[in-house]
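2 protein chains.
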Amino acid sequence: MSNHIAVDVGGTQMRAACYPSDSPTPIKIDRISTQVPYATPLERLVKLIKAVTPDGGDVAAIAVAVPGPTNPYKGIIYTAPNIPGWQNLAIGPILEEKFGIPVRLGNDANLAALGEWQFGAGKGHHHLIYMTVSTGIGTGILVDDRLLLGVDGLAAELGHVTVLPDGPMCGCGKRGHLEAVASGTAIAHWVEEQIAAGKPSSLPSKQTFTARDVGMAAAQGDPLSVEALARAGAFLGQALAGFIHTFNPSIIIIGGGVSLSGDFLMKPIQDCLKEMVISPQYLEGFVLGTSALADEAGLLGALALARSISE
Amino acid sequence: MSNHIAVDVGGTQMRAACYPSDSPTPIKIDRISTQVPYATPLERLVKLIKAVTPDGGDVAAIAVAVPGPTNPYKGIIYTAPNIPGWQNLAIGPILEEKFGIPVRLGNDANLAALGEWQFGAGKGHHHLIYMTVSTGIGTGILVDDRLLLGVDGLAAELGHVTVLPDGPMCGCGKRGHLEAVASGTAIAHWVEEQIAAGKPSSLPSKQTFTARDVGMAAAQGDPLSVEALARAGAFLGQALAGFIHTFNPSIIIIGGGVSLSGDFLMKPIQDCLKEMVISPQYLEGFVLGTSALADEAGLLGALALARSISE
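If you're matching them up, the sequences are chains A and B in order. So the working numbering is basically just the index in the first sequence, starting at one, shifted up by 613. So the working numbering is basically just the index in the second sequence, starting at one, shifted up by 613.
Careful, some of the hints might be misleading.
In this list, chains with the same sequence are indistinguishable; a pair is considered to hold if it fits within one copy or across any two.
Computed cross-link-like contacts, BS3-like style, restricted to lysine-lysine with a CA-CA straight-line distance of at most 30 Å [claimed, not checked]: (1) Lys687 / Lys887; (2) Lys880 / Lys663; (3) Lys660 / Lys641; (4) Lys711 / Lys787; (5) Lys687 / Lys736; (6) Lys819 / Lys641; (7) Lys880 / Lys787; (8) Lys880 / Lys736; (9) Lys663 / Lys711; (10) Lys812 / Lys880; (11) Lys687 / Lys812; (12) Lys880 / Lys660; (13) Lys787 / Lys641; (14) Lys819 / Lys660; (15) Lys641 / Lys887; (16) Lys660 / Lys812; (17) Lys711 / Lys819; (18) Lys687 / Lys641; (19) Lys687 / Lys663; (20) Lys819 / Lys787.
If you are wondering where the hints come from, they were derived from the structure by calculation, not from laboratory data.
My request is simple: use the sequences and hints to build the entire structure.
Printed below as a string of structure tokens:
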């Protein structure tokens with residue numbers, strides 16, 4: 614009965630926890646800043662893993678959720694936009710050498726999907742799509758109880774599907790992607806543009822704000838903010854209808870900060886699905902849900918991955 | 614060493630073949646019309662299976678490719694637009710009762726994908742998308758060597774993904790789907806519209822024609838026909854870029870009559886992929902190919918399915 618270590622690495626901080634084999638409650642948990650002077654993010658990661666390693670060192674495997682495209686077969690992170698130096702870095706093999714136990718790497722959105730599937734809103738579902746709507750849009754997909762990874766682990770980038778040809782520029786440099794019209798960044802930017810064009814709003818003009826501000830303004834009755842969330846919801850609904858035809862899932866789970874806007878976002882998605890899905894059979898027994906694990910999804914997904922190694 | 618029977622049912626005719634366990638060359642093959650007076654399509658199917666059953670009756674399993682959404686777990690065809698009476702019909706269980714051996718049903722595009730994967734252009738690939746561009750657009754997807762089916766077998770309907778919001782009406786009754794702008798029907802219809810609006814073409818005005826006519830006119834240098842295929846190719850490329858981000862496949866195989874237009878269609882797709890895919894990693898080692906099995910794909914996919922039952 615060995616322990617497993619799960620790590621969730623973000624651009625700002627990294628968190629790790631050590632779990633016994635029979636519970637999702639950690640026996641040790643810690644968090645540290647990712648980027649500090651005089652230490653690389655990789656050195657910080659090693660330090661953090663050591664900090665949560667139990668006395669006696671009884672650990673069967675380690676899994677790490679990382680914020681960027683990853684080759685999970687090789688344990689390589691291709692690129693992490695928010696972590697300098699993490700380019701084609703073989704984190705998995707490096708940590709295996711260091712700790713002498715199996716180490717697996719996973720993209721954070723993929724592992725959040727795995728977390729929701731094993732411990733959260735997706736329990737009991739075999740065909741699941743998880744989408745976090747936050748600064749960007751990240752997704753993870755389970756097909757027949759298995760993560761959809763593709764030939765090099767680059768699958769499930771549903772934020773980079775075109776929903777509006779010639780639409781706004783996406784963070785990736787291409788136009789009209791779902792992320793470019795429905796992410797938190799896109800929602801806030803659209804509201805800023807509308808205010809600049811003279812539309813009335815309770816939000817201040819000539820200021821930048823976040824999707825969280827938009828969500829709060831919507832809750833207080835600001836029509837422009839309500840419209841912004843409905844617009845994003847309609848784009849999400851259009852894209853999700855396509856993903857329903859593609860995957861025929863029994864559940865789609867929406868997570869991330871923007872999902873906290875609740876019905877202002879979820880109702881337009883739901884309406885759009887009803888209107889756009891080609892046969893009611895796709896929606897029989899189908900669940901459109903929100904994340905149960907919130908910020909814990911990545912860490913618990915890493916736990917699920919670590920446990921799957923030594924099964 | 615038992616034989617397997619594969620059947621490919623279309624609206625006009627149904628074909629069946631009996632294969633030995635070690636070869637894709639049939640020992641018996643036959644075809645009959647699907648719809649005749651005084652016999653139901655199901656009775657025709659039973660008759661055809663009997664016709665290819667070898668003397669001695671040594672058959673391990675039967676698989677049937679059917680033209681419509683199907684629940685492969687239950688052996689039910691939900692609907693077959695071109696076959697009257699095939700609505701929620703439990704063909705699998707009915708045939709199992711009749712013949713006393715395992716029978717599996719599969720959607721024809723799914724089984725064509727399986728055929729290309731096992732015997733055709735997709736041999737050796739583990740992550741594959743097959744798309745037939747014909748009257749409509751049908752698709753089948755293999756993820757990790759397994760058909761993507763979804764919770765009720767309704768997955769892989771990539772023709773019904775929105776590529777042009779508020780675009781032309783699709784056969785399914787929704788707007789702007791890939792099938793509505795890039796199928797053979799859509800290509801021919803667009804050319805007809807352009808001619809009606811006064812655009813010059815070597816194709817006749819005030820007549821209906823097919824995508825095959827458009828392909829032949831393009832080969833003879835008709836600029837409008839070349840433009841029509843390039844336009845369809847651009848929509849296909851946009852959609853396929855999204856599917857590449859979704860599935861990270863190592864191959865996409867284009868089949869169906871429209872793919873016979875060759876570079877008039879394939880070159881615009883290829884160009885569009887290069888422009889729209891978010892990272893060159895997705896295209897490293899990636900193959901955009903055409904069908905190797907053509908009209909045999911469905912039948913050979915049914916063979917692959919039948920053999921997988923008794924493995």
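Structure-based check of all given hints:
| no. | hint | in the structure |
| --- | --- | --- |
| 1 | Lys687 / Lys887 | between (41 Å within a copy, 26 Å between copies) |
| 2 | Lys880 / Lys663 | neither (45 Å within a copy, 53 Å between copies) |
| 3 | Lys660 / Lys641 | within (14 Å within a copy, 68 Å between copies) |
| 4 | Lys711 / Lys787 | neither (39 Å within a copy, 56 Å between copies) |
| 5 | Lys687 / Lys736 | both (28 Å within a copy, 24 Å between copies) |
| 6 | Lys819 / Lys641 | neither (46 Å within a copy, 77 Å between copies) |
| 7 | Lys880 / Lys787 | both (29 Å within a copy, 20 Å between copies) |
| 8 | Lys880 / Lys736 | within (23 Å within a copy, 44 Å between copies) |
| 9 | Lys663 / Lys711 | within (11 Å within a copy, 65 Å between copies) |
| 10 | Lys812 / Lys880 | within (24 Å within a copy, 45 Å between copies) |
| 11 | Lys687 / Lys812 | neither (51 Å within a copy, 55 Å between copies) |
| 12 | Lys880 / Lys660 | neither (44 Å within a copy, 51 Å between copies) |
| 13 | Lys787 / Lys641 | neither (43 Å within a copy, 53 Å between copies) |
| 14 | Lys819 / Lys660 | neither (43 Å within a copy, 76 Å between copies) |
| 15 | Lys641 / Lys887 | neither (45 Å within a copy, 47 Å between copies) |
| 16 | Lys660 / Lys812 | neither (51 Å within a copy, 70 Å between copies) |
| 17 | Lys711 / Lys819 | neither (51 Å within a copy, 75 Å between copies) |
| 18 | Lys687 / Lys641 | within (28 Å within a copy, 47 Å between copies) |
| 19 | Lys687 / Lys663 | within (23 Å within a copy, 51 Å between copies) |
| 20 | Lys819 / Lys787 | within (27 Å within a copy, 40 Å between copies) |
Comparing the model with each earlier hint shows violations of hints 2, 4, 6, 11, 12, 13, 14, 15, 16, 17; every other hint is respected.
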